[in-house]
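Let's have the full structure, built from the sequences with the hints guiding it.
Residue numbers (the numbering used here), protein chains in the order written: chain E, 1 to 289; chain D, 290 to 407.
Possibly wrong hints are sitting among the right ones.
Unchecked claim - Below, a list of computed lysine-lysine pairs in the DSSO-like style, where the Cα atoms sit at most 27 Å apart:
{"no.": "1", "chain 1": "E", "residue 1": "K2", "chain 2": "E", "residue 2": "K156"}
{"no.": "2", "chain 1": "E", "residue 1": "K112", "chain 2": "D", "residue 2": "K369"}
{"no.": "3", "chain 1": "E", "residue 1": "K75", "chain 2": "D", "residue 2": "K353"}
{"no.": "4", "chain 1": "E", "residue 1": "K156", "chain 2": "E", "residue 2": "K30"}
Stated by the list, open to error - Simulated coverage check for chain E against chain D, where a stretch passes if three residues somewhere in it have a Cβ under 8 Å from a Cβ of chain D:
{"no.": "5", "segment": "47 to 54"}
{"no.": "6", "segment": "117 to 124"}
Claimed, not checked - Here are some chain E residues the structure puts well away from chain D; computed CB gaps all over 12 Å:
{"no.": "7", "residue": "L61"}
{"no.": "8", "residue": "G74"}
{"no.": "9", "residue": "K75"}
{"no.": "10", "residue": "H100"}
{"no.": "11", "residue": "M161"}
{"no.": "12", "residue": "Q210"}
{"no.": "13", "residue": "I241"}
{"no.": "14", "residue": "R249"}
{"no.": "15", "residue": "H276"}
Hints in this document: simulated from the structure, not taken from any laboratory.
Glycine included, each C-beta is placed from N, C-alpha and C at the ideal position.
This is what each chain is made of:
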Amino acid sequence: MKIAIASGKGGTGKTTIATAFAQALSKERKSVSLLDCDVEGPNSHIFIQPELDQFEDVNMLIPSVDAEACTGCGKCAEVCQFHAIVVIGGQTLVFPEMCHGCGSCTLICPEKAITEIPNRLGILEGGLSQEGIRFGHGILDIGEPMAVPVISKLKKWRDLMDAEVVLIDSPPGASCPVVESLRGADYIILVTEPTPFGLHDLRQAYKVTQELEIPAGVIINRAGIGDTGVEQYCEEMGLQILMQIPLEREIGHGIAQGKSLLDIKPEYENRFLQLHLQITEALSIVDRS
Amino acid sequence: MIIAVSSTDGKFNTEFSPRFGRCNFFIIMDTDSGEWESKPNPAADARGGAGPQAVQFLSDAGVKASITGRYGPNAFTTLKTAGIRAYIADAGTPEELLDRFKAGTLEEVNAATGREMH
Ligand code: SF4
Ligand code: SF4
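Quick look at the structure:
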């Protein structure tokens, strides 16, 4: 079962929930993997503390032009939809950070002046946590805007996807990297706060899950700080509220110190096992209908 | 010599646009005859790579010097390759900037001055 944890914006407690969920399941001796797809700022490892011993670069093939062979005909620039290759003053320039590695320019060049060379986008790191969680995350290199290839490679990496329960910590927002992270999930947990801002972000995130046609439920974090807008919205949309985590000083403090939710509040272990049952139940209803 | 100034509204005597790749217009001027024309920037709405595309446009128009507020790294590299000289200014109308260019009082830059906008 693949469960993604998403939220419309950062700082909602998505990672807190994903890591606690993984720990609770692994304590139950389930085979669990956790993929941190927030490649621009992965931080699940802080709470899971895996022994990172597997590494792999993520590369994309980008064009490299042989100036001797190039006639400056401009065909490569014409075919590139991303304007990553430009022919100007008889010279051909490549802008690696705009290139999507589609290979069109190489194919079209009549002089065979283009070869493809690997350009590193980021790195994957993986390993086991003490509890036995199979962990993996991607880290985008600084200045690299291309998050999607890193995420899609992480989602195919080694045996991460073979665990009984696969948890995917998605990046915040509703952009392409988010869609890439959520794609293929059986269920999506949307994490939000009970405030008007939280509601706004929840709507955006829910739209993405609807477009992907993946069933979703909501966890309200910092319950009690705002209003009932989120609850009303969930009721209207028929979105199940899976859990409410009240705002407690103790939790905030512990997390700031890098402690996981289960270390701070061991009683949450049961609630996360319950969450797993709720999702299993929700999915079996979907299957039957 | 043909020079270009980035512009918001395409006029000769209103404040120029400090943005290069995504300005709405370029005022293309001939420093010898004083003639000028305003051309819409085809890269203004580009999803990415506006800088290089704008340079391509200027290069095709025969421009040899560009005046704007700042250049991103990609725009700057492309300008250099195209053999277009890069000048910057804080304020001014295309008319005034043309005079300052002719008087040789504009600052020429030899490195990118701003972040690339995607
Ligand atoms: S298509 Fe090939 S020959 Fe033509 S400009 Fe591009 S690299 Fe040069
Ligand atoms: S590989 Fe594709 S995206 Fe990259 S420069 Fe060539 S045509 Fe453009």
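Now the hints, each set against the structure:
Between the alpha carbons of K2 of chain E and K156 of chain E the distance comes to roughly 13 Å, so the proposed pair stays at or under 27 Å and holds. Between K112 of chain E and K369 of chain D, the direct Cα distance comes to roughly 26 Å. Compliance with the 27 Å bound is thereby established for this hinted pair. Simply put, K75 of chain E and K353 of chain D have alpha-carbon atoms about 24 Å apart, close enough for the 27 Å limit, and the pair holds. Between K156 of chain E and K30 of chain E, the direct Cα distance comes to roughly 21 Å. Compliance with the 27 Å bound is thereby established for this hinted pair.
Here's how the segment 47 to 54 of chain E fares: 0 of its residues keep a CB closer than 8 Å to some CB of chain D, so the rule of at least three is not met and the hint is violated. Residues of the segment 117 to 124 of chain E with a Cβ under 8 Å from some Cβ of chain D number 0, which does not satisfy the need for three, so the listed coverage is violated. For L61 of chain E, the requirement that its beta carbon stay farther than 12 Å from each beta carbon of chain D is met, with the minimum near 19 Å. Not every C-beta of chain D lies more than 12 Å from that of G74 of chain E, the closest at about 10 Å, which undercuts listing it as non-interface.
With a least beta-carbon separation of about 14 Å from chain D, K75 of chain E lies farther than 12 Å from that chain, consistent with its non-interface assignment. Listed as a non-interface residue, H100 of chain E fails to keep its Cβ farther than 12 Å from every Cβ of chain D; the least gap is roughly 10 Å. Listed as outside the interface, M161 of chain E is consistent with that label: its C-beta sits roughly 31 Å from the nearest C-beta of chain D, beyond the 12 Å cut-off. Against chain D, the non-interface label of Q210 of chain E holds: every CB pair exceeds 12 Å, the least being about 25 Å.
Under the 12 Å C-beta cut-off, the non-interface status given to I241 of chain E relative to chain D holds; the minimum distance is some 38 Å. At roughly 40 Å, the least C-beta separation between R249 of chain E and chain D is larger than 12 Å, which holds for a residue marked as non-interface. Every CB of chain D lies more than 12 Å from the CB of H276 of chain E, the least distance being 40 Å, so the non-interface label holds.
Consistency with the previously given hints fails for numbers 5, 6, 8 and 10, ordered from lowest to highest.
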